[in-house]
Amino acid sequence: MQAIIIDDEKHCRDVLQMLLNKYCPQVKVIATCADGKSGLEAIQASEPNLVFLDVEMPGMDGFEMLQACKNINFSVVFTTAYDQYAIQAIRHSAIDFLLKPIDKDELIQAVNRAQAHAQASPPNKKVDTLLQFLQQHLQPNERIALPTLDGLRMMPIKEILYCESDGGYTRIFMQQGVQDKPAVLICRTLKEVEDVLKEKGFFRVHNSYLINLSYIDKYIKGDGGEIVMSDGKSIPVSRNRKQEFLTRIERL
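With UniProt numbering, letter number 86 in the sequence shown gets 86, and the count goes up by one each step, no holes.
Don't read these hints as lab results, they were simulated from the structure.
The beta carbon of each residue, even a glycine, is placed where N, CA and C say it ideally should be.
It cannot be assumed that every hint is accurate.
[To be verified] Simulated pairs of lysine-lysine, DSS-like, Cα-Cα distance not exceeding 25 angstroms:
hint, residue 1, residue 2
1, Lys100, Lys218
2, Lys10, Lys218
3, Lys198, Lys104
4, Lys37, Lys10
5, Lys233, Lys221
6, Lys70, Lys22
7, Lys126, Lys37
8, Lys200, Lys104
9, Lys200, Lys70
10, Lys200, Lys218
11, Lys70, Lys104
12, Lys100, Lys221
13, Lys200, Lys100
14, Lys10, Lys28
15, Lys100, Lys70
[Unchecked claim] For each label pair, taking beta carbons as the anchor points, the in silico distance ranges come out as:
hint, residue 1, residue 2, range
16, Asp195, Glu226, 42 to 52 angstroms
17, Arg239, Gln67, 40 to 50 angstroms
18, Lys70, Lys198, 30 to 40 angstroms
19, Ala68, Asp103, 41 to 51 angstroms
20, Lys70, Ile220, 36 to 46 angstroms
21, Glu41, Met18, 17 to 27 angstroms
Produce the entire structure from the sequences given, and follow the hints as far as they go.
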């Protein structure tokens with residue numbers, strides 16, 4: 001099987017390719033891509049049998065890239081972290097997915113299923129089911145308008161990593177590559193921002209922090225504990241919010 005890996009994080013691409021080389025000799029990785037646009041070009045140029053596709057990418061995400069594909073004659077295995085909405089949609093469509101960090105045994109099973117089901121169910125039928133579900137239930141491009149010092153900022157919700165309180169203001173940190181500044185200063189308190197985002201996959205882990213659960217890299221045990229976000233930022237968890245946070249993660 002010829003495969004393409006599409007993921008905006010280099011270490012994720014490297015680890016997945018290493019695991020495939022070591023445990024799935026029937027798979028030959030013919031291209032690795034750092035974004036949806038280059039992934040789309042690689043698919044059109046090389047016609048792979050299998051595509052490992054990250055869901056959360058800046059610019060064109062995995063869902064949007066599939067929507068842009070004109071002819072889907074390859075199997076798809078999504079790779080994702082803690083994105084409850086993405087997992088709900090993927091499960092509905094019966095497309096395979098792997099949770100990060102990727103487990104080698106789950107990877108082997110996913111590759112075996114891709115081989116076994118290659119002829120049983122047309123890949124484009126599953127993708128059509130996925131895109132239809134997204135259109136009916138999700139809003140992948142949803143934006144919010146937030147006031148800044150000089151006007152309004154339209155912000156894609158899926159691109160927000162975390163929000164940090166700054167007195168009566170809030171600093172919003174976005175995915176790398178989405179903006180050229182480290183943070184956007186918003187003229188709203190963190191509580192006001194929380195009221196807007198708490199039903200969108202965000203959780204207030206600390207008086208000073210509101211995080212996007214989709215971008216948690218790991219949780220470190222402690223009195224309250226500590227979260228490491230996908231950009232490497234360490235964020236404390238309040239003791240009185242710890243249990244609710246852990247319960248929320250277990251539901252993802």
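Restraint check for Lys70 with Lys104, where alpha carbons must lie at most 25 angstroms apart: violated (31 angstroms)
Status of the given 30 to 40 angstroms range, CB of Lys198 versus CB of Lys70: holds (38 angstroms)
Hint consistency between Lys200 and Lys70 [alpha-carbon to alpha-carbon, up to 25 angstroms]: Measuring from Cα to Cα gives roughly 30 angstroms; hence the hint is violated.
Distance restraint between Lys37 and Lys10, which requires alpha-carbon spacing of 25 angstroms or less: Cα-Cα ~16 angstroms, so holds.
Pairwise hint evaluation, Lys70 against Lys100, where the allowed Cα distance is 25 angstroms at most: With a Cα-Cα distance of about 28 angstroms, the restraint between Lys100 and Lys70 is violated, given a limit of 25 angstroms.
Range hint compliance [Cβ, Arg239 to Gln67, 40 to 50 angstroms]: Once the Cβ atoms are compared, 43 angstroms apart, the range 40 to 50 angstroms for Gln67 and Arg239 holds.
Agreement of Lys100 and Lys218 with the hint, judged by alpha carbon distance not exceeding 25 angstroms: Judged against 25 angstroms, a Cα distance of about 10 angstroms means the pair holds.
Restraint status (C-alpha distance of Lys200 to Lys104 at most 25 angstroms): violated (31 angstroms)
Restraint status (C-alpha distance of Lys10 to Lys218 at most 25 angstroms): holds (18 angstroms)
Verdict for Lys70, Ile220 (Cβ pair) under range 36 to 46 angstroms: holds (45 angstroms)
25 angstroms limit on alpha-carbon distance, applied to hinted pair Lys200 and Lys218: holds (20 angstroms)
Consistency of beta-carbon spacing, Glu226 to Asp195, with hint 42 to 52 angstroms: Distance hint for Asp195, Glu226 is violated at roughly 25 angstroms.
When held up to the earlier numbered hints, the structure conflicts with 3, 6, 8, 9, 11, 15, 16, 19 and fits the remainder.
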